[in-house]
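Line by line, the protein sequences are chains A, B and C.
Reminder that position 170 of the first sequence reads as 170 in the numbering used here, one-by-one numbering, no gaps.
Offset between the second sequence (1-based) and the numbering used here: plus 211.
Offset between the third sequence (1-based) and the numbering used here: plus 305.
Please note: incorrect hints may appear among the correct ones.
Just the calculated beta-carbon pair ranges, DEER-fashion [what the hints assert, rightly or not]: (1) C:A596 <-> A:D141: 36 to 46 angstroms; (2) A:D65 <-> C:L476: 22 to 32 angstroms; (3) C:G323 <-> A:D58: 51 to 61 angstroms; (4) A:D58 <-> B:G267: 22 to 32 angstroms; (5) A:M201 <-> B:G267: 12 to 22 angstroms; (6) C:D405 <-> B:G267: 28 to 38 angstroms; (7) C:D568 <-> A:R123: 37 to 47 angstroms; (8) C:D394 <-> B:A302: 53 to 63 angstroms.
It should be emphasised that the hints constitute simulated quantities derived from the structure, not laboratory data.
All residues carry an ideal CB built from backbone N, CA and C; glycine is no exception.
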Amino acid sequence: MNERERLLRIADDELVLGWRDSEWTGIAPVLEEDVAFSSIAQNEIGHARAIYQLLAEDADALAFDRDAADYACSPLVELRFVPDWARTIARRVLYEAADELRIARLKESDEPEVAGLAAKIDREEAYHRMHAEMWHTRLRDEPRYRDALEELWPYALGLLDEDDRPSLGERFGRASNTVLLAAERGVHVEDWTELWEEMTMVRRSVPGAAW
Amino acid sequence: MIYEVFRRERRGQPFEHAGSVAAPDVAFAHAYAHEQYGRRGESVALWVVPRDAIHGVEDFVDELGKNYHRVDGYSLKAKLKEARERAGTAAPDR
Amino acid sequence: MAEKPLTDQEFLAYVQGGGQVEVDDWMPDDYRAKLIKFIEMHGNSELMGVLPEREWILRAPTLQRKLALTAKVQDEVGHAQLIYRVVEDLGKPREQCLEDLVAGRAKFHNVFHYPTKTWGDVGVIAWLVDAAAIISQKALLKCSYAPYARIMKKICWEESFHILHGRDVVLTMMLGADEQRELVQEALDRWWAPLMMFHGNPIPAENDPVVEWRIKTQGNEEARQQFLEGYVPQIWELGLMVPDPKLRRRDDGVWEYTEPDWDELRHVVTGHGPRTEERLGLRRLTRDETAWVRQVVLADSHRAYAA
Numbered sequence: 001m002n003e004r005e006r007l008l009r010i011a012d013d014e015l016v017l018g019w020r021d022s023e024w025t026g027i028a029p030v031l032e033e034d035v036a037f038s039s040i041a042q043n044e045i046g047h048a049r050a051i052y053q054l055l056a057e058d059a060d061a062l063a064f065d066r067d068a069a070d071y072a073c074s075p076l077v078e079l080r081f082v083p084d085w086a087r088t089i090a091r092r093v094l095y096e097a098a099d100e101l102r103i104a105r106l107k108e109s110d111e112p113e114v115a116g117l118a119a120k121i122d123r124e125e126a127y128h129r130m131h132a133e134m135w136h137t138r139l140r141d142e143p144r145y146r147d148a149l150e151e152l153w154p155y156a157l158g159l160l161d162e163d164d165r166p167s168l169g170e171r172f173g174r175a176s177n178t179v180l181l182a183a184e185r186g187v188h189v190e191d192w193t194e195l196w197e198e199m200t201m202v203r204r205s206v207p208g209a210a211w
Numbered sequence: 212m213i214y215e216v217f218r219r220e221r222r223g224q225p226f227e228h229a230g231s232v233a234a235p236d237v238a239f240a241h242a243y244a245h246e247q248y249g250r251r252g253e254s255v256a257l258w259v260v261p262r263d264a265i266h267g268v269e270d271f272v273d274e275l276g277k278n279y280h281r282v283d284g285y286s287l288k289a290k291l292k293e294a295r296e297r298a299g300t301a302a303p304d305r
Numbered sequence: 306m307a308e309k310p311l312t313d314q315e316f317l318a319y320v321q322g323g324g325q326v327e328v329d330d331w332m333p334d335d336y337r338a339k340l341i342k343f344i345e346m347h348g349n350s351e352l353m354g355v356l357p358e359r360e361w362i363l364r365a366p367t368l369q370r371k372l373a374l375t376a377k378v379q380d381e382v383g384h385a386q387l388i389y390r391v392v393e394d395l396g397k398p399r400e401q402c403l404e405d406l407v408a409g410r411a412k413f414h415n416v417f418h419y420p421t422k423t424w425g426d427v428g429v430i431a432w433l434v435d436a437a438a439i440i441s442q443k444a445l446l447k448c449s450y451a452p453y454a455r456i457m458k459k460i461c462w463e464e465s466f467h468i469l470h471g472r473d474v475v476l477t478m479m480l481g482a483d484e485q486r487e488l489v490q491e492a493l494d495r496w497w498a499p500l501m502m503f504h505g506n507p508i509p510a511e512n513d514p515v516v517e518w519r520i521k522t523q524g525n526e527e528a529r530q531q532f533l534e535g536y537v538p539q540i541w542e543l544g545l546m547v548p549d550p551k552l553r554r555r556d557d558g559v560w561e562y563t564e565p566d567w568d569e570l571r572h573v574v575t576g577h578g579p580r581t582e583e584r585l586g587l588r589r590l591t592r593d594e595t596a597w598v599r600q601v602v603l604a605d606s607h608r609a610y611a612a
């Protein structure tokens with residue numbers, strides 16, 4: 001896989017996870033988390049945007065004008081969880097850990113622009129990791145959270161290239177033998193179409209318009 | 212728990228009371244204060260302090276008029292005028 | 306502020322003379338009760354204001370708009386948080402405010418009971434509804450209750466970004482395709498009546514206890530006139546029409562308009578707006594589904610730590 005493809009995957013993941021995190025707006029379990037999730041979502045959309053800007057002249061067109069089938073996002077970010085907080089936090093925790101691994105790789109890119117952007121993203125993610133860790137500590141003994149981590153583990157593996165999966169396995173003390181286990185990219189989950197439709201409906205209503 | 216939040220707007224400025232956040236522990240208070248008082252880049256630093264840790268001091272008493280502590284306790288104008296006249300350096304009245 | 310309780314008359318004279326009240330000061334029961342009710346309604350409004358807008362974050366047609374709208378809505382939740390903190394320190398826990406809200410026992414501003422239908426609404430709301438709100442909010446900067454006046458400063462600062470965003474959205478559409486201009490006009494046609502009711506029916510300031518206690522320092526009609534004076538010219542200069550044939554500015558500077566239907570306002574704010582039940586229902590549902598988060602995880606913390 002070339003770097004461009006790798007970047008597009010990350011951008012699409014960030015765009016869609018930002019969308020999912022925004023679904024908690026106004027209805028999070030506590031107001032403080034509403035505000036925190038909004039910050040995380042803004043960072044994610046910002047990361048997606050910065051990557052799209054590297055990949056194309058028109059970042060908005062790249063973000064919004066593809067057919068649903070042409071997005072490179074992974075099943076983990078496509079799943080709809082509201083109002084399930086346990087799964088929502090499990091996803092945040094798993095995603096941040098996996099993302100840290102792939103961002104570390106990007107930081108070593110031969111392209112200075114890419115390496116530089118990866119370093120910036122990494123620094124912004126520090127807050128996300130702290131937030132995820134805080135919740136992981138709080139929910140660790142809660143059965144529904146542990147079940148959610150279990151359920152989403154294959155999806156977390158599916159986020160990463162095969163080379164990075166063992167590291168994720170070590171991090172969580174789990175098997176990462178992934179040939180049969182991982183929920184791979186390439187097949188969008190059922191929730192995806194509805195998301196794509198809602199995400200693009202205004203833009204599609206007046207094609208080519210400036211908003 | 213309620214945590215009081217103090218913010219420093221810019222380097223060189225003192226910390227000033229900004230408000231309060233409700234949080235179960237200091238980790239959450241950190242995150243939540245970060246959001247409420249820093250998401251628009253309006254602070255360079257914050258302190259979060261449990262409300263219980265704050266001890267108020269309001270028992271200020273001045274029963275006998277300690278005017279030597281205040282500017283209005285010193286009236287130099289009349290004396291200065293007289294001293295200038297004596298030295299012959301008084302300016303004409305404007 | 307004196308430590309010994311004053312008479313109600315002395316307290317009234319104190320606040321009318323510009324005196325400031327802090328959280329631990331003695332205050333008449335009526336003042337405290339009116340403060341709580343007023344400030345709680347503000348908090349409820351900020352929170353309910355999120356619901357008409359949240360779906361448009363998901364539908365935003367550019368990344369920049371998505372970011373700006375997310376930040377705007379985030380501010381509103383942040384404001385609710387600040388406001389409920391003030392109410393809590395006055396004696397009513399946040400948990401109780403939210404219970405009353407989802408049970409339909411509490412009020413919030415009329416505008417948040419109406420549907421949003423298109424991206425045109427996004428622009429019109431951020432520009433004009435926020436403008437109407439900021440006029441009221443500026444009048445609260447001089448509130449006699451100091452903790453509330455102080456958070457208003459932060460709230461007003463953040464609201465100024467919202468109006469900019471709203472205006473930018475509207476201007477971009479007005480410079481775009483015919484369909485986009487129509488979206489704006491159509492949204493304005495729907496939002497005009499609620500906007501005219503936003504500042505409330507014209508009770509004379511001297512009959513308004515909230516003004517008497519200097520909780521707010523501006524009468525309803527004065528606020529509405531300020532809104533019209535500031536924003537109707539801005540609307541007209543874009544070639545948009547205001548759907549009120551009677552709207553005009555007299556030579557003496559007073560704006561004339563078709564009298565709003567005050568019965569409708571009363572009907573809406575008592576929980577009968579077109580979207581009231583749906584939105585309260587959404588909050589109720591997610592609140593119930595996430596009760597375990599508050600109970601199990603945060604049970605050891607301050608009792609008021611709840612959504």
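Just pull the numbers of the violated hints for me, sorted ascending. Numbers 1, 4, 5, 7, in rising order.
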